[in-house]
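Novice: Next come the chains, spelled out residue by residue.
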Amino acid sequence: GNSVTQMEGPVTLSEEAFLTINCTYTATGYPSLFWYVQYPGEGLQLLLKATKADDKGSNKGFEATYRKETTSFHLEKGSVQVSDSAVYFCALSDALNTGFQKLVFGTGTRLLVSP
Amino acid sequence: GAGVSQSPSNKVTEKGKDVELRCDPISGHTALYWYRQSLGQGLEFLIYFQGNSAPDKSGLPSDRFSAERTGGSVSTLTIQRTQQEDSAVYLCASTSRHLYGYTFGSGTRLTVV
Numbered sequence: 003g004n005s006v007t008q009m010e011g012p013v014t015l016s017e018e019a020f021l022t023i024n025c026t027y028t029a030t031g032y033p034s035l036f037w038y039v040q041y042p043g044e045g046l047q048l049l050l051k052a053t054k055a056d057d058k059g060s061n062k063g064f065e066a067t068y069r070k071e072t073t074s075f076h077l078e079k080g081s082v083q084v085s086d087s088a089v090y091f092c093a094l095s096d097a098l099n100t101g102f103q104k105l106v107f108g109t110g111t112r113l114l115v116s117p
Numbered sequence: 002g003a004g005v006s007q008s009p010s011n012k013v014t015e016k017g018k019d020v021e022l023r024c025d026p027i028s029g030h031t032a033l034y035w036y037r038q039s040l041g042q043g044l045e046f047l048i049y050f051q052g053n054s055a056p057d058k059s060g061l062p063s064d065r066f067s068a069e070r071t072g073g074s075v076s077t078l079t080i081q082r083t084q085q086e087d088s089a090v091y092l093c094a095s096t097s098r099h100l101y102g103y104t105f106g107s108g109t110r111l112t113v114v
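For the record, the sequence lines run as chains A and B. Just remember that this note's numbering sits 2 ahead of the position in the first sequence, which is counted from 1. Just remember that this note's numbering sits 1 ahead of the position in the second sequence, which is counted from 1.
Calculated directly from the structure, the hints in this document are not laboratory data.
The list that follows gives simulated cross-link-like pairs (lysine-lysine, DSS-like), each with its CA atoms no further than 30 Å apart:
(1) A:K54 - B:K58
(2) A:K79 - A:K62
(3) B:K16 - B:K58
(4) B:K58 - B:K12
(5) B:K58 - A:K51
(6) A:K70 - A:K51
Simulated DEER-style distance windows between Cβ atoms:
(7) B:R65 - A:G80: 44 to 50 Å
(8) A:A19 - B:P56: 42 to 48 Å
(9) A:N4 - B:S6: 28 to 34 Å
(10) B:R65 - A:T7: 25 to 31 Å
(11) A:Y41 - B:Q85: 26 to 32 Å
Since the model is a prediction, treat every value here as computed from it, not as a measurement. Note that the Cβ used here is the ideal one computed from N, Cα and C, for glycine as well.
Taking the hints into account, I'd like the entire structure generated from these sequences.
Specialist: Next up, the structure:
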């Protein structure tokens, strides 16, 4: 079945450092790919998405490019802030025959940014 | 409502008791999903509703788990005879046909003692 693998955390960085969180996937067909973020005490929020190969999703300074050849969707940010400290989840869509999608999530990567 | 609302936010229950978790999705969102987030684990899919029917309940871990949705709106996840391994955060999400991605609620943290 479809699955997502992401790097284990925690990832600990100083403010203004460069961030990469690796995500690779296994899927049949052409899934859409997502990054969700969970801030402390809050629910998951959609951070960015890409729906086809070579698409780049971006939001709040974060970027991820859908690489079909390497089955990857790595999350990057050029300069992290303390407020970026959260758990980041990579996910792919698993299409249902109803036209809706079921998201398959990775285990999450905790990011800790220190001043 | 403005967002997906879940209640209670925290629930502590004794092993063997039944619990009900409630999800109130965004008005107009026809699809509703339940996920479980265990400590150190990713999000585990439990069940999906389209309207009041559940085309995919493949993730329910045992027959102690059931869910229903009424009026195409509120959903209730029921766990009977709770066990310690049921302790987790139960997340609800909703979406409409025209949108990608889900809107998640803040979850219910269930602790079985």
